[in-house]
Amino acid sequence: MLWGSFALFTLVLGLFLAAVLAPRFGRGVSQARWIILGGLILPVPVLAGLTFYAFAQGEFLLKGAVSEANEVLEVRAIGRMWQWQFSYPSVSGGPVHTDILHIPAGRTIEIIAESEDVIHSFWVPRLGGKIDAVPGHSSRLRIRADQPGRYGGICSEYCGTGHAGMQFEVRALGQDDFRDFLTGGLRHD
Amino acid sequence: MTENQTLHHNPIALHKALDRIWGTKPGWGRLAAVNHNVIGVRFMLTALVFFAIGGVLAMLIRTQLASSQSVFMDAETYGQVFTMHGTIMMFLFAIPFFEGMAIYLLPKLLGTRDLAFPRLGAYGYWCYLFGGMILIGALLAGVAPNSGWFMYTPLSSSVYAPGINSDVWLLGITFVEISALSAAVEIIVTIMKIRAPGMSLDRMPIFAWYMLVVATMMLIGFPPLILGSILLEVERAFDLPFFDPTRGGDPLLWQHLFWLFGHPEVYIIFLPAAGAISTILPVLAGTPLAGYRMIVSAIVSMAFLSFGLWVHHMYTVGIPHVALSFFSAASALVAIPTAIQIFAWLATLAHGRARFSIPMLHIFGFFFVFVIGGLTGVMLAMVPFDWQAHDTHFVVAHLHYVLVGGFIFPMLATAYYWVPHLTGKQPVQHLSHAAFWMIFIGFNVTFFFMHLTGLRGMPRRIFEYPAEFGWEVLNFVSSMGSFVMAMGFALVALDFILLFKFGRAFRRNPWKAGTLEWAMPTPPPSYNFASIPRVDNRADLLDPDVIGPHLAAGRGYLGMPRDDRMEVLGVNSVTGEPEQLVLLPRQTFLPFWTAVATGSFFLLMLFKFYWATPVALAAVIVCFCLWSRSSPSSFDDDAVPIGHGETVPVHIRAESPPSYLAMVLTLVADATLYISLLFGCLFLWISAPNWPPANLQSPSLWLLILAATSMSLGSLGSRISKKSAHMSLLGNGLAFAGHLISTGSFISIAFYSLPSASGHAATASLFVIVCYISLHGVVGSIFAAHALWRALRDHDMSVRVLDLKIGALWHDYSAASAFAAVGFCLLLDSLVRDGGV
Numbered sequence: 211m212l213w214g215s216f217a218l219f220t221l222v223l224g225l226f227l228a229a230v231l232a233p234r235f236g237r238g239v240s241q242a243r244w245i246i247l248g249g250l251i252l253p254v255p256v257l258a259g260l261t262f263y264a265f266a267q268g269e270f271l272l273k274g275a276v277s278e279a280n281e282v283l284e285v286r287a288i289g290r291m292w293q294w295q296f297s298y299p300s301v302s303g304g305p306v307h308t309d310i311l312h313i314p315a316g317r318t319i320e321i322i323a324e325s326e327d328v329i330h331s332f333w334v335p336r337l338g339g340k341i342d343a344v345p346g347h348s349s350r351l352r353i354r355a356d357q358p359g360r361y362g363g364i365c366s367e368y369c370g371t372g373h374a375g376m377q378f379e380v381r382a383l384g385q386d387d388f389r390d391f392l393t394g395g396l397r398h399d
Numbered sequence: 033m034t035e036n037q038t039l040h041h042n043p044i045a046l047h048k049a050l051d052r053i054w055g056t057k058p059g060w061g062r063l064a065a066v067n068h069n070v071i072g073v074r075f076m077l078t079a080l081v082f083f084a085i086g087g088v089l090a091m092l093i094r095t096q097l098a099s100s101q102s103v104f105m106d107a108e109t110y111g112q113v114f115t116m117h118g119t120i121m122m123f124l125f126a127i128p129f130f131e132g133m134a135i136y137l138l139p140k141l142l143g144t145r146d147l148a149f150p151r152l153g154a155y156g157y158w159c160y161l162f163g164g165m166i167l168i169g170a171l172l173a174g175v176a177p178n179s180g181w182f183m184y185t186p187l188s189s190s191v192y193a194p195g196i197n198s199d200v201w202l203l204g205i206t207f208v209e210i211s212a213l214s215a216a217v218e219i220i221v222t223i224m225k226i227r228a229p230g231m232s233l234d235r236m237p238i239f240a241w242y243m244l245v246v247a248t249m250m251l252i253g254f255p256p257l258i259l260g261s262i263l264l265e266v267e268r269a270f271d272l273p274f275f276d277p278t279r280g281g282d283p284l285l286w287q288h289l290f291w292l293f294g295h296p297e298v299y300i301i302f303l304p305a306a307g308a309i310s311t312i313l314p315v316l317a318g319t320p321l322a323g324y325r326m327i328v329s330a331i332v333s334m335a336f337l338s339f340g341l342w343v344h345h346m347y348t349v350g351i352p353h354v355a356l357s358f359f360s361a362a363s364a365l366v367a368i369p370t371a372i373q374i375f376a377w378l379a380t381l382a383h384g385r386a387r388f389s390i391p392m393l394h395i396f397g398f399f400f401v402f403v404i405g406g407l408t409g410v411m412l413a414m415v416p417f418d419w420q421a422h423d424t425h426f427v428v429a430h431l432h433y434v435l436v437g438g439f440i441f442p443m444l445a446t447a448y449y450w451v452p453h454l455t456g457k458q459p460v461q462h463l464s465h466a467a468f469w470m471i472f473i474g475f476n477v478t479f480f481f482m483h484l485t486g487l488r489g490m491p492r493r494i495f496e497y498p499a500e501f502g503w504e505v506l507n508f509v510s511s512m513g514s515f516v517m518a519m520g521f522a523l524v525a526l527d528f529i530l531l532f533k534f535g536r537a538f539r540r541n542p543w544k545a546g547t548l549e550w551a552m553p554t555p556p557p558s559y560n561f562a563s564i565p566r567v568d569n570r571a572d573l574l575d576p577d578v579i580g581p582h583l584a585a586g587r588g589y590l591g592m593p594r595d596d597r598m599e600v601l602g603v604n605s606v607t608g609e610p611e612q613l614v615l616l617p618r619q620t621f622l623p624f625w626t627a628v629a630t631g632s633f634f635l636l637m638l639f640k641f642y643w644a645t646p647v648a649l650a651a652v653i654v655c656f657c658l659w660s661r662s663s664p665s666s667f668d669d670d671a672v673p674i675g676h677g678e679t680v681p682v683h684i685r686a687e688s689p690p691s692y693l694a695m696v697l698t699l700v701a702d703a704t705l706y707i708s709l710l711f712g713c714l715f716l717w718i719s720a721p722n723w724p725p726a727n728l729q730s731p732s733l734w735l736l737i738l739a740a741t742s743m744s745l746g747s748l749g750s751r752i753s754k755k756s757a758h759m760s761l762l763g764n765g766l767a768f769a770g771h772l773i774s775t776g777s778f779i780s781i782a783f784y785s786l787p788s789a790s791g792h793a794a795t796a797s798l799f800v801i802v803c804y805i806s807l808h809g810v811v812g813s814i815f816a817a818h819a820l821w822r823a824l825r826d827h828d829m830s831v832r833v834l835d836l837k838i839g840a841l842w843h844d845y846s847a848a849s850a851f852a853a854v855g856f857c858l859l860l861d862s863l864v865r866d867g868g869v
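Each protein sequence line maps, in turn, to chains A and B.
Numbering of the first sequence is given in our numbering, commencing with residue 211 and proceeding in unit increments.
Numbering of the second sequence is given in our numbering, commencing with residue 33 and proceeding in unit increments.
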């Protein structure tokens, strides 16, 4: 998309400068042909291709960036001014943490975003897209961390004076560590 | 006749006679100005003051973000500053500025003396000024709106924003939007009816086509925003839960209503600028505009598409992906009409011999910046990309590329092109180049790097950020760029001040343009044209140097001032042949006082003196009733000479007078608001949690039928009243009684028959719908009472037919909307009963 944009930008600006500075440039092409070539023939295939590609890519991401989405782990993320609370609805009596989300690496996570007050938005830039937590609704988003590690997360919908500080951390754990975590065996550091 | 003889072909005498009629009086008389030259310039200058204020706020933002160690502003101040920056730039600068430009230019380009409704323009200006002052007052008092310029609720609701901050936005902006709607009606009617004879639709200058499309978009686009603001204000003031999910409301309803306005808004701002480029660029290239018809069809399709894109601001709220891809495809599609215009301009340049003058330099800036904004726009239209970039600084960068590229640079080109017209002086051009390059370089440094800040994950609207996130260098670069840009704007201001002081005078038509605004002396006289031209070619391919002296000598139409009347010609909308002599109202203080009364209503609402608001509303109604009394004295004859041996009727006796079209357009805007309201309620039924309500008891069917049927008496009465003078009394009496009964029944439904409106969004919706109809009943009864009074007072039917026709439109619309309301009550009842979703 970046290189395509760069090419189109160079093309349009190049044509502009050539048309202004070079007196004879483009005079051989009729005005109607200019408009049809540049206004229809050029953008239609580019836009059509891009739209279909984006749709396919969006479907792929919705499944959690894997072709087979098995073993999806649900995480409930409740936003409130100005913190996130994470819990695991499928694990009865499972842990509840504030501003730290533990997930297993290499497994697709489905975030169920909800809000107790105003609109917040759950976003971990390195793990995928974002989803708004709208009061009265539960919206879903799939993310996935391929490698264990720590990833920064941030609220991305303006939610009042504490918005800038509404940050959280995702800790992607190995399979065993995560199992320990769920049973309360993992010590906090 | 003798007076006419002396004036004939004597430009100086003609000028004096006309200027005495059309000119604005000095001193306090300035408050009575209705002339479009005065009003247009006032709009533009006021908008520039707001631009400066918005610019200062932008610099405060950049100062705050320049470093991660910044302790310049706290979070609350920062919230007010970025909210007001966006609000001011959108609502108090961009829209009013192009409105002012259109008000100033349109009558000149169309070859006429003024707009169709000069008083409405003046009223709009005062509403804009007073509304803007409310917002700036709140900023100075430290209680400015603070939830972002799109005011997402519940953050802006009474629970999370208990102060008056949000009320300032909702009421102030709605007050300002009165000027947008009145300008929309005025611009459409002027373009459709008040043109030079011979100017058929396909001979209109391209700018008029652009403004016709823009004004139509404003007419449809603003009502959803006004509705949303009313509903949110009603929720805040009277606890009607439209957006509260615990009581059947939905915060997403606000987002839909806001962006249903907000996306067309982008094109509403871009198209006037594109219209200016389509006018200026061919002149600078010395060749006619390429693809006039292609451009017209491109902008019409752009207008249609722009109403189908609003959801692309809401990709992350959890709407299903298939639905999103529809909006994604539509967003990509809208790039095509833009591409057609860009290549039409390139074709024009290629076939002409371009002069690289100052306006052309700014057009280069437009191409450079706007194309980048368009390309990032296509990126953001793609759903997966947007999930990543949404609400980050990438979006901030994109929207500034679009708005500064699509509006500011074209407006600077416009200013350098038309300020000589406005002042009668040409620039000296020492600072112009430096100013351009400082703005251009400063802008790109600020916002190009902001794309990267956003891609590195910096969300918008944060007042501080940790140093270790790696955003600091980019932010510092952006801040430095913004200061260079600000200095560039200061240089532009200085450049224009120097032009006013030391500019060189010129004779006529410095750019060798082919449009009619140059066929007049500069600065323009209050009446524009001493006589009105006949146009026999496309109105941007004319020769002002020949036409100007011809018109100044009074050789066109209406080259004879008569009895202090302000006269213009009304033409057939399609063919442009003269149909009527339109008599415009003279200078009056009424628009000023009406705006003061309107403003007092908004201030009483703001400071929660709700009990006193009916007094203010009554004052507004009385003021508007006075407007109809100060109408100009008419002619007794059916056929009035207009010059060249032609005669036409006066507008009140004509087939389709401007005010009739204005009423149709007002009702279109009104109906858009009503339809948005009905669909908004259905949306709540589909989307909101906590439905169905526990106790939705429907109002009595008989009362509903009585209410709607008596409203239709108004419709019947207006039909009877057209037959004769006696029937007129009967018909209007019937209409008056019908409206009163209907209003009474609807009010009793609202307050006694429905359960408490604050209990659930469903009853709140029905309550608001019923109040909407009651309001129409009240206004309808005023129309009927006014007609009764006229019928008792004078018996000249022919003069009153126009009033009756306009009243009939209102009565018919009220009856139709009353039946729709009854139908909607029954529909909602059955939907809720048959198991809500």
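It should be emphasised that the hints constitute simulated quantities derived from the structure, not laboratory data.
Some clues are possibly wrong.
Reference listing, derived: stretches of chain A covered by chain B, where coverage requires no fewer than 3 residues with Cβ under 8 Å from a Cβ of chain B [stated by the list, open to error]:
1) 267–273
2) 368–374
Taking beta-carbon pairs under 7 Å as the criterion, some of the chain A residues facing chain B (in silico) [stated by the list, open to error]:
3) F219
4) V222
5) F226
6) A232
7) R234
8) G238
9) I251
10) P253
11) L257
12) G259
13) T261
14) P335
Bear in mind that the values here come from a model prediction, so they are computed numbers and not experimental data.
Heads up, the beta-carbon is just placed ideally off N, CA and C, and yes, glycines get one too.
Check: Against which earlier hints does the structure fall short, listed by number upward?
Finding: Going through the list in order, the structure violates hints 6, 7, 8, 9 and 12 and respects the others.
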